[in-house]
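The listed protein sequences derive, respectively, from chains A and B. Quick note: the first sequence, position 762, residue 762 per the UniProt record's numbering, numbers continuous. Quick note: the second sequence, position 103, residue 103 per the UniProt record's numbering, numbers continuous.
These are computed hints drawn from the structure, not numbers from a lab. Incorrect hints may appear among the rest.
Said to hold, decoys possible - Using 30 Å as the maximum straight-line C-alpha spacing, the simulated DSSO-like pairs for lysine-lysine come out as follows: (1) B:K12 <-> A:K383; (2) A:K828 <-> A:K763; (3) A:K91 <-> B:K498; (4) B:K21 <-> A:K412; (5) A:K828 <-> B:K39; (6) A:K87 <-> B:K505; (7) A:K64 <-> B:K508.
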Amino acid sequence: MNKIAYIDNKAFEIKEGETMLSFIRRYKEKNLVPTLCDAPNLDPFGSCRVCSVEVALEANGSVKTMASCHTPVTEGQYIYTSTEAVKALRKNIVELVLTDHPLDCLTCEVNGNCELQTVAAQVGIRDVRYPEGDNHLYRMKDLSHPYMTSDLSKCINCYRCVRACDEVQGEFILSMSGRGFDSKIIKGLDDSFMDSDCVSCGACSQACPTSAISDVFQSKAIQATDTTRTICTYCGVGCNLEVSTSNGEILSIQAPYDAEVNQGHTCLKGRYAFKFYDHPERLNSPMIKRNGEFEKVTWDEVYDYIANKLTGFKEEFGPDSMAGISSSRCTNEENYLMQKFYRAVINTNNIDGCARVCHSPTALGMQRTYGTGAATNSIDDLKDTNCIMVIGANPTDAHPVTGAKLKQFAMKSDNVSIVLDPRRTELARYATHHIALRPGTNVAVLNMMMYYIVSEGLVDETFIENRTEGFEDFKKELLSIDLDHIEQISGVTRDEVRAAAMAYATAPNAMSFHGLGVTEHSQGTFTVMQIADLALMTGNIGRRGVGVNPLRGQNNVQGSADMGVQPHQGAGYLDVTNDEVNKKYNEFYGVEVPKHIGYKIPEMFDAALEGKLKSIWIIGEDVVQTDPNTQKVIKALEATDLVIVQELFMTETAKYADVILPGASFLEKSGTFTNGERRVQAVRQVVEPIPGTKPDGQIIVDIMNRMGYNQPDYTPDGMLEEISQIVPFFAGIKWERLGINGLQWPVAADGTDTKILHTTEFKRGKGKFEFNAWEETVELTEHAKDYPYILTTNRELEHYNCGAMTRRTANEQILQDDYLMIHPNDAKTHLINDGEYVCLESPRGKVDVKARITDEVKQGILSTTFHFPEIMINNITGDVHDSEAMCPEYKVVAVRIRKSKGKYKKELV
Amino acid sequence: MSDNLSELLGRKGLKDNLFDKLGKLAKPEGTPNNEAMAKLADEFLIGKANTFGTASFYDFLKPENKGKKVYVCNGTACVCAGTQEKVINSLKSKFDAEEIGHMTCLGRCHENSAFHYDGKNYSGDAISNLNSIIDSDSNLNQDTYNIKASGKQILTAPFSNITDYYQPFLEALQKDSADVLEEIKTSNVRGRGGAGFPMGLKLQFCRNVENETKFIICNADEGDPGAYSDRYLLEHQPHSVLFGMLISGYVTHAKYGILYIRAEYPEAVKIVQDAIDELKTNNLIGENINSSDFSFDFKIIQAQGSYICGEETALINSIEGQRPEVRVRPPFPAQKGLFNKPTTVNNVETLAALHYIISNGGEAWKAIGTERSSGTKLVSLDSFFNNPGMYEVEMGTPLSYVINELGGGFKSDVKAVQIGGPLGGLVPVSKIEDLTVDFESFSKNGFLLGHASVVSVPSDYPIMKFIEHLFDFAAYESCGKCFPCRLGTKRGQELAEKALTSDYKIDKKLFTDLLTTLEQGSLCAHGGGIPLPVRNALQYFDDELRQYFN
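Whole structure, please, built from the sequences with the hints as guidance.
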C-alpha cells in the first residue's frame with residue numbers, strides 16, 4: 001500500500017523520508033511555496049522560514065505552522081500551502097528582510113534574476129511598514145579579487161554561500177561572524193576574497209540568491225540573449241557548463257544543476273577562465289615561416305603548401321617519414337579525423353597523442369589485466385562506497401569537482417580514505433591513512449599492501465576462483481618480497497602500509513582513483529596493473545561503489561585514445577597488426593591502411609634526431625614546454641623539415657613551427673568529449689570561431705580533401721554517424737541521443753549505455769594477475785649519487801598544463817608563477833629563504849625556481865609545476881620512460897640544489 | 001550547522017576540544033588572537049572562518065571583549081531592581097569605562113547588585129568593598145540565600161556522604177538497564193528546562209539508536225535571567241546532577257557525560273570538578289565501574305556567554321566548537337547529536353531528580369505532585385521578596401502560597417511577576433491566585449512554568465520599558481540564523497524604543513503581525529517564545545500601554 005499525504009486537501013503519494021517541500025514540488029509548480037534559503041544542491045537549512053506551510057492531522061483540522069524545507073512529510077498529513085495565515089506569514093517575513101535591504105533593484109546587477117525580488121513580488125509586498133531602523137546598507141563592496149565580488153549590503157543571511165563552500169566545495173572559506181542582527185558573512189579571518197584562502201570555485205556566487213556574492217562577469221545578470229550548454233575543456237571530469245552570450249559575445253558561465261557530472265558545481269577554470277578565447281594574442285591567420293619570420297597567408301595557400309610538402313615527402317621518403325600528434329583538448333571527432341588522416345591519407349601509424357605523456361600506462365595496464373583501458377565505474381559511485389584509495393593524484397587541484405567530492409567523502413568519519421602520495425596533498429590532510437612514500441617506489445609499496453592482504457587472509461577467494469587467472473603464481477612471488485628492503489627504500493613503515501591494506505581489503509566496497517603519480521614512472525604500467533590486481537584480489541570490481549578509476553587529465557584524453565590516436569591501435573582500440581582488423585579498416589576507409597605499429601611520441605623525436613622524420617603535425621600540444629628534456633625536443637623539431645603546429649596561441653612549440661594553423665577553442669565548435677568515466681558528452685558551439693580561425697576538425701577535413709581524400713565537411717552529427725560504424729563501443733552513439741548528460745560507453749546500437757564495466761566478465765575473459773617486482777629507476781641508479789634530491793612534478797589548481805589558456809585569463813593574477821616546494825630542513829641546509837630562487841640542476845641542465853618552504857614534502861623531496869614558460873622546468877626532466885608504454889618519468893628527477901645566483905632564471909639572462 | 005564540521009571537530013574526541021581551546025586562548029586578552037585561531041583552524045581542518053566565526057559569536061571570546069576586566073550583570077532582576085547604575089559608577093572608580101562589560105545574569109537575583117571580576121561573582125553589598133576584592137584573593141564572592149522545601153524534600157535534601165549517596169547507582173548497575181529506564185518512565189519526570197518533555201522517553205530514543213559512541217549532556221547553561229536553581233544544584237548538590245548523568249548513561253549506553261556550565265557561574269565549575277574528582281577517587285567513574293561492563297567519564301565545558309546555548313542543538317554546536325546556531329529537527333539529538341552521534345541533553349534539575357527515583361522507585365516520584373506534573377520543583381525568588389531564595393515545592397502547590405507564605409510577600413509594590421525566564425509569561429499580581437506550580441495550570445492560563453524563576457516587576461517600572469528590555473535581550477541573544485528572530489526581535493526593540501522616546505505611535509496591526517511572525521515563523525523557542533510575555537503585557541496592561549499605539 002502506498003503512503004499518501006494531502007496537498008491542499010488532494011491526496012498524493014509520498015516518498016519515504018522526503019521533505020514537505022520536495023513532496024509539494026514533485027506535484028505542484030516550483031514556486032507554489034516560495035523559499036529563500038533553499039537551494040538545489042544544498043542540505044535543508046531552515047533559516048528563511050518563507051517556505052512555511054500549515055499542517056493538520058485531518059482535513060481542515062487544527063493546524064500547526066511548519067517550515068516545509070526541512071520537515072519530513074508523514075503519512076496522512078494535510079499540508080496547506082496557501083492559507084491566508086501562511087501567506088501573511090511569508091509576506092511579513094519578507095517585509096522584515098526588506099527593512100535591511102537596499103531597494104535599488106533597478107541598478108542592481110541581478111535585477112530580474114534576484115530570488116528576493118521574485119519572492120517579494122510573489123508574496124505581494126507593497127510597502128515596508130517599519131520605521132527606518134538600524135541596517136547594514138553601509139557595508140562596503142569587496143572588489144579585491146579578479147573573479148569573486150561581494151556586496152554584503154545585499155546579503156539576506158540565508159547562509160547559502162557558507163553552505164555551498166562547505167557542502168559542495170568543502171573549503172570552509174566562508175562563515176558567519178557575530179550574532180543576531182549584526183551577524184555578517186566573513187571570508188577567512190574577516191579578510192577580503194583576495195586575502196582569504198578562497199579557491200575561486202564560484203559555488204558561493206552561484207548559490208547566492210541576490211548579488212551579495214557575485215563575480216566580475218556578473219553571471220547572475222540577465223543581459224544574455226542566449227545560453228548554450230557545453231562541456232568544459234579543462235580536465236577529464238567533464239563538467240557541464242551553461243554559457244551565457246549576447247550578440248556572439250560570451251558574458252559568463254554557470255554550472256547547470258541538472259548535470260549528472262557536476263550538479264551545479266565547477267571550478268575556477270571552468271567557470272571563470274574563459275577569457276582566453278578572444279584574447280588579443282589568439283592566432284588569427286594561417287602562417288608560413290619564411291626566412292625565419294612568420295608570414296600571414298590565406299587558407300588556400302597554406303593548404304596547398306602543406307599538401308604539396310606532404311605529398312612530396314610521401315613520394316620521396318615514404319609515409320613513415322611523417323607523424324602526427326593529435327590533441328586531447330580536441331573533440332572525439334577531430335581526433336578521429338586526425339588519426340584517419342595519418343592512417344588513410346598518409347598511410348602511416350605514426351599517430352600519437354598527449355596520453356602518451358600522461359595515461360598511456362593506464363590504458364595499457366588496465367587492458368592487460370581487464371581487457372579495457374578505461375575507468376570501470378562512475379564518480380557517482382562514491383555515494384555507495386565505503387573506502388577510497390587515491391594514488392598519485394591530487395584531485396582537489398587537478399580535477400577540482402571530483403576532488404571536492406572525494407574531499408567530502410574523506411571528511412565523513414564513517415568512511416575510510418587512503419592516500420598514497422609523496423606529498424601531503426589537500427586530500428591527504430583529511431585522509432584516514434596517508435602513505436607518504438618516496439617517489440619511484442609505488443610498485444614496492446603496492447606489493448607490500450597486497451602482501452598483507454594475502455597474508456592476512458583478506459582475499460576474496462570466490463572472486464579469484466571464478467573470475468581471475470594466474471593468482472597462484474602471483475601469490476608465490478608476492479609472498480617472497482623483502483619487507484625490510486621495501487621499508488628502507490620507500491620511507492614508509494610496514495605498519496602504516498599494513499593498516500591501509502587492511503582498510504582497503506575489509507571495506508565492503510572500495511574504490512581506487514589514480515593519477516599521473518602512478519603512470520609517469522619507469523614502472524607506470526606495472527603500477528596500474530597492481531591497482532587493478534588489488535581490486536581483483538578483494539573482489540572490488542564489477543558492481544556499484546568499487547572499481548579502478550583513473551582520473552584522466554585533459555578533457556578528452558579518454559576520447560583521443562578511444563578514437564585511435566595511438567600508434568598500435570586504431571579507432572576503437574583495434575590492433576593495427578591484425579589482418580582481420582585491417583580488413584575492416586580498409587573497407588571502411590576505402591584505402592589500404594598500414595599494418596606495422598607506428599612511432600610513439602618519444603620515438604618521433606628520436607626519429608627526427610636521426611633524420612628519419614620529415615614532417616610532424618602537432619595539434620594543441622605544447623611539447624616544448626611540457627614534454628621532458630626540453631632541449632632534446634627543440635633539437636628534434638629543428639631537425640624536422642616541416643613542423644606544422646595547429647594552435648590557439650604562439651606557444652613555445654609554435655615558435656619552432658614552419659607552418660601555423662589557427663584552430664578554434666572549445667567554445668567555438670561542436671563535437672563530443674569523453675570524460676574519465678567513459679561519458680561521451682555533447683560539446684556545443686557557443687560562439688563563431690574568431691575571424692581567421694577554423695574548427696580544428698574542419699582544417700583536417702580541408703587538408704584531407706586537398707590531398708585527394710574525399711571527406712565530408714566537419715559536422716558533429718555526421719562525424720558521429722561515421723564513428724559509430726567503426727568504433728564498436730560507439731555503436732549506439734548518435735548526436736541527437738546524447739541529451740544533456742551524454743552516454744557512457746559501451747553504448748549498444750539501441751542506445752543503452754554502461755555505467756559499470758566487467759559486471760559478469762572481463763573484456764579479456766578473466767582478470768589476469770601478473771606479478772612485477774619493484775626496480776629502482778635508472779634515473780636514480782645512475783644519478784642519485786651526484787644529484788641527491790628527488791624532484792617530482794605536480795599541478796596547480798589555477799593553471800592547466802602549459803598554461804597557454806589559463807595564463808591568458810585572470811587566473812594569472814591568482815597564481816603568477818611556478819614555485820618549488822622544499823622542506824624547511826632542506827631550505828635551512830642550503831640557506832634558502834621563502835620566495836628566494838633555488839637553482840635546480842639535473843644531468844640535463846639547470847633552472848631557477850622560487851622556493852616555497854613547506855612540510856607538504858618530505859626532506860629530500862622537491863616538487864614543482866611546469867605551467868610557466870618563464871621557468872621551463874622540463875629543461876631538467878629526463879629521458880627515462882615507462883618500460884611498457886613509454887610514458888616519461890616526470891615524477892622522479894635526480895637533482896641537486898643551491899641558492900640561485902639568478903643565472904638560470906630566463907628573465908634574468 | 002554543518003555535518004562536515006561536526007565530523008571534523010569530532011575527530012579529536014572530547015580531550016582535544018576546539019571550544020575549550022578557544023576559551024583558554026581568550027583568557028589573557030579577552031579574545032583569541034588571529035594567529036592562534038588560524039593555527040587551530042589548520043589543526044582541526046576547518047578553515048579560519050570557522051574559528052573566527054565561532055569566537056565572534058560569544059560575549060567572552062569576541063574581539064569586542066578584548067580588554068574587558070569586569071562585568072556588570074544586566075539580567076532582568078538586576079535591571080528591575082535598578083541597582084546596576086550604582087554598581088557601574090562604583091566600578092568606574094577603579095576601571096576605565098571600556099574595561100567594564102556586561103554579563104547577562106549572574107544568578108544573584110536574590111540580592112542583585114551583581115558583578116563579575118577575575119573569575120568570581122559578587123553581589124549584594126560586595127561593591128562597597130571593591131578595594132579588597134581587587135587587591136586580594138577575597139572570599140567576598142560567597143552569597144547566602146534561603147533554601148527551603150515546603151513539602152517533600154528531595155532536591156534540597158542534605159547530602160549524606162559519597163558512599164551512601166552512590167549506593168543506589170551501584171545497585172542499578174546490577175540490574176538490567178531496561179528495568180532502570182522503566183523506573184524513570186514510571187516516574188513520569190518531565191524536563192525541567194522549560195519544555196516539559198518526559199525524560200524517560202527522551203532517554204529511550206537515544207537508547208534505541210545503535211552506536212558505539214553516545215553522549216549525555218547536562219545543560220547547565222542556565223541563561224534565564226532570574227533563574228538560579230541550576231546554580232543552586234551545581235554549587236550545593238553537585239552529586240545529584242552527576243548521579244543523574246551516570247544513570248542516564250547507563251540506560252542509554254552512553255560513555256561520556258558533558259556538563260556545559262555557563263561562564264557566568266565560575267564557582268559552579270570548580271565545585272562540580274571537585275565532585276567529579278571525588279567520584280574518580282572513589283572509583284565510581286572510569287572503565288568498568290564496579291566491575292560492571294559500564295564505563296563512564298565526565299568532562300566540563302565552560303560556556304563563553306551566549307543565552308541561545310541553552311537551546312539544546314545550539315548547545316551541541318557550541319560544544320563542538322561550531323557557531324551555536326540552532327539546528328533543524330529532525331534529526332533529533334537522540335539520532336544525530338554531538339559530533340553527529342546519538343545524544344541526550346537534559347537540564348540540571350531534571351537530572352537531579354533521578355537520585356530519588358532510582359532510590360525510591362518511579363512510583364514514589366509519581367505520587368508527588370499532580371497527575372501530569374509529577375515530583376517537586378525548585379522555584380527561585382528574587383530580591384523583591386521578603387524572603388528571597390530557593391524553594392522546593394511539590395508540583396501543584398498554589399503560586400500564592402509560594403509568593404506569600406514562602407517568599408513572605410513583596411518588600412515593595414509589585415505589579416507583575418515574570419515566571420520562567422524572559423520567554424516566560426508576565427503574570428499580573430491579580431492572576432497569582434489562579435495559578436498552581438505545574439505545567440498544566442500555567443499553560444491553561446496562557447503562561448509558562450518554564451524554569452519557575454520569579455522576577456518581580458515593580459509597580460513604578462513602565463511596562464513599555466519592560467517590553468523594550470525583553471526585545472532588547474531577545475535581539476542581543478538571537479543566534480541570527482532564522483529570519484523572523486534575527487530581524488523581528490530587533491525591529492520589536494526599535495518600535496518599543498521609538499514609542500518610549502518620541503511621539504511615535506506603533507501601528508497595532510504591525511505589532512501583532514510582528515508577534516505572530518515571531519511566534520509561527522521562528523526556528524526555535526527563542527524567537528518563538530518572546531511574544532508570550534509581550535502578549536501578556538498587552539492583555540493585562542492595556543491601560544498603561546494604550547498611549548504607545550495607534
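Now the hints, each set against the structure:
For the hint pairing K12 (chain B) with K383 (chain A), the CA-to-CA distance comes to about 25 Å; that is within 30 Å, so the pair holds. Taking the CA atoms of K828 (chain A) and K763 (chain A), the gap is about 54 Å. The hint is violated against a cut of 30 Å. For the suggested pair K91 (chain A) and K498 (chain B), the alpha carbons sit about 24 Å apart, so the restraint of at most 30 Å is met. Of the supplied pair hints, the one linking K21 (chain B) and K412 (chain A) holds, its CA atoms being roughly 23 Å apart against a limit of 30 Å.
Between K828 (chain A) and K39 (chain B) the alpha-carbon distance is near 23 Å, which keeps this suggested pair within the 30 Å criterion. At most 30 Å may separate the alpha-carbon atoms for a hinted pair to count; K87 (chain A) and K505 (chain B) meet this at roughly 26 Å. About 24 Å separates the Cα atoms of K64 (chain A) and K508 (chain B), which keeps this hinted pair within 30 Å; it holds.
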